[in-house]
Amino acid sequence: MGERRFVLLMLMPAALFLGFLVSYPVALLVYNSFFEVSLIDPSSRVWVGLANYVDALTSKRILESALRTLKYSAFALFFELLFGLGAALLFAAIAKRSQWHRTIFALPLMISPIVAGLLWRFLLVGNIGILNYGLAALGVIPDPGAIKWLSDTDIVIYSVAAADIWLTTSFVALVSYAGLTNIPQDVLEAARIDGTNAVTRFWYVTLPMLRPVLAVVVVVRGIDALKTFDLIWIQTQGGPRQASEVLSMNIYQRMVRYGDLGQASATATLFLVFMIGLAGLAYWKVWRTGND
Amino acid sequence: MTSRGPHDLGKTIINAGALLLVLSYALPYVYLVSTALKPAADVQQIPPSFFPNRVTLENFATVVTTAGLPQAFLNSAVVAVLTTLLSLLIAVPAAYVSALYRRRLTVLFLLFALVTRMVPAVSLGVPLFQIMKTLGLLDTTLGLVLAHTSAAVPLALLLMSAFFESIPKELEEAARMDGCTRFGAFLHIVLPLMPSGLAITALFSFIASWNEFLFALLLTSQNGKTAPIVIAEFNSVYGLAWGPMTAAAVLYSLPVILVTLILQKQIVGGLTFGAVKG
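Top to bottom, those sequences are chains V and F.
Taking the numbering used here, the leading residue of the first sequence gets 1, the next gets one more, and so forth.
Taking the numbering used here, the leading residue of the second sequence gets 1001, the next gets one more, and so forth.
Be careful, since some hints might not be right.
[Stated by the list, open to error] When the alpha-carbon atoms are kept at most 25 Å apart in a straight line, the in silico DSS-like pairs for lysine-lysine are as follows: (1) F:Lys1265 to V:Lys96; (2) V:Lys60 to V:Lys71; (3) V:Lys148 to V:Lys71; (4) V:Lys285 to V:Lys148; (5) F:Lys1011 to V:Lys96.
[Claimed, not checked] Derived list of chain F stretches under chain V, where covered just means 3 residues or more per stretch with a C-beta under 8 Å from a C-beta of chain V: (6) 1013 to 1021; (7) 1086 to 1095.
To be clear, the hints were calculated from the coordinates, so they are not data collected in a lab.
We put the CB at the ideal spot given by N, CA and C, even for glycine.
Using the sequences and the hints, build the whole thing.
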C-alpha cells in the first residue's frame, strides 16, 4: 500500500468521527444561531439574520454572566497559582522526602468536579457548614452565621471558586514541582555563591526559568476555568438570583429552561469564537516565548 | 556541620509547613468520608462535628437501595468502558500516523484535535441534543457514548501521538524490510511496545467519561442517567439529604482516588507531559 493511502486510511476513522460529532454539530450550532427556533420543535424555524447576536450582545444578563465568568476564572487562577507554586516550592525545599506529601496532593487530581463542588457546598452551606464553625472557634469571625458564603449575592461567585481552587491546586503544584526539578542545580548554586538571598534567587532565577511551565499552566487552567459548568452548578445552580451564573450556565438555561435554541446557539457561538481566539493567542504567545 | 543548629531549625519549620499544608489540603475530603460514615440523623446536627460519634454504614445502605442509583453507577461504568474502547479504536491509528508519518496533513489534523479541546462543552452540547433527538438516541447509552467519545478522541489522539513519538521510525522500516505491511508493522510490531501508553490513555478516557456531567445532563433523562446526575438530583428530590449524598459522592470518587494512588507517577506524567516539555 502506498504511503499516502496508508496515512489517509489510518486518519479516516478519526476524521469521520470528529467530522460527524464535532464539526457537524458546530456547523449546526452556527446555522441555528441565525434562526428563531425552539428546542421542542426545531423543524419550524424563522430566519432572523443577526437578531440573536444583537440580542446576545445587548442582553444585560448575558453580559453580566460573561463578566462573571472572567471574574471567576481570574480569581480561581490567581489562587491556584499562588497555592500551587507555594506548595511546589515547599516540596522542592524538602526534596526527596516530599514523596508522601506529593502523593496526598495528587489524590484529588482526577476527582470529578461534581464531587469537589458537592464537598465544598457542604463545607460552606448555611447552618451546618463546618468552615464557619471553625472560623468562629478561631475568632476570625464573630459567629458561624457571619458570612453567608453561598447566599450572599456579592461574594457567591468567589465562594464557589473555592472548590475549583481546592480541586486544581494539586495540578498546578505537581506541574510546577516537575518544572522546579528541571531547573539545573548549578545555576541556583552559582547564584548562591554570588551571595544572593533566597528571595532574590526565586525572583531572578527560579521564576524566569519556570516561566514556560507556568505559561502552559495558565493557558490550560484558564481555558478550563472559563468553561466551568458542573462545579458551580452543583453548588448553587447559578443562584441566588443568577449571582453565580457563568456563561456556560446561561447558555444551558436559555436552551433547557427557556427552550430558546436560536438565542442559546448565538451565545454559544460567540463563546466558542472567543475561546478559540483566546487559545490561539495564548498558544502563539507561549510558543513564541518557548522558542525565543 | 558546625552550623547545624539554625539550619535544623529552618528545616523543621519547612517540614512543619509542608505537613500542615498537606494535612489541611486533605481535610475537606476526610470530612466528606467522615460525614458519610455518620448516622443519617447526625449529619445535619448543629453545631457540626468533624468526626462521627458513631460509625455506621447507614448512609451507604440508603444509597445502594435508592431507586436509580445502582443503575446509574452501572450506566456510568458501561458508558465509560465503551467510550474508552471506541476512542482508542478511533484515535490510536490516527495518532500512529501523526507521530510516525509526519506531514502537513497529520500536523493539521493534530492542530484540529487541539482546537476541538477548546470548544466549550455547552457549545457542543446544544447541537448534539438536536442531533441525538433526530437519531432517536436521547437517553440512550449509545448516544452518551458518542458524545463522550467526541471529547475523548482529541485527548487520546494527543496523548497517544506523544507516546508514539518515542518510537524510532527505523523500527517500522525494519519491520517492513522483514515483510510486514505498513498496517502489520503498526499492529504487530509497534503497538505491542506501547502497553503503558495505551493504559494511561485508556485511563484518562475512562475517567473523563466517568466524571463527565454536562453532556449527561443534556442527553439523558430517565434510563440513561449516570451517577453524577443522580447524585446531583439528591438536591431536589430528597430535599437536602446530605447523608446519602456524601455517601454516594464517596462511592463515586473513591475508585478514582485509589487508581490515582496506584498510578500516581504515570498520571502526573500524563497530565504534565506537554507542560514541562514545553
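Now the hints, each set against the structure:
no.	hint	in the structure
1	F:Lys1265 to V:Lys96	14 Å, holds
2	V:Lys60 to V:Lys71	16 Å, holds
3	V:Lys148 to V:Lys71	19 Å, holds
4	V:Lys285 to V:Lys148	40 Å, violated
5	F:Lys1011 to V:Lys96	13 Å, holds
6	1013 to 1021	holds (count 6)
7	1086 to 1095	holds (count 5)
Of the numbered hints listed earlier, the single one contradicted by the structure is hint 4.
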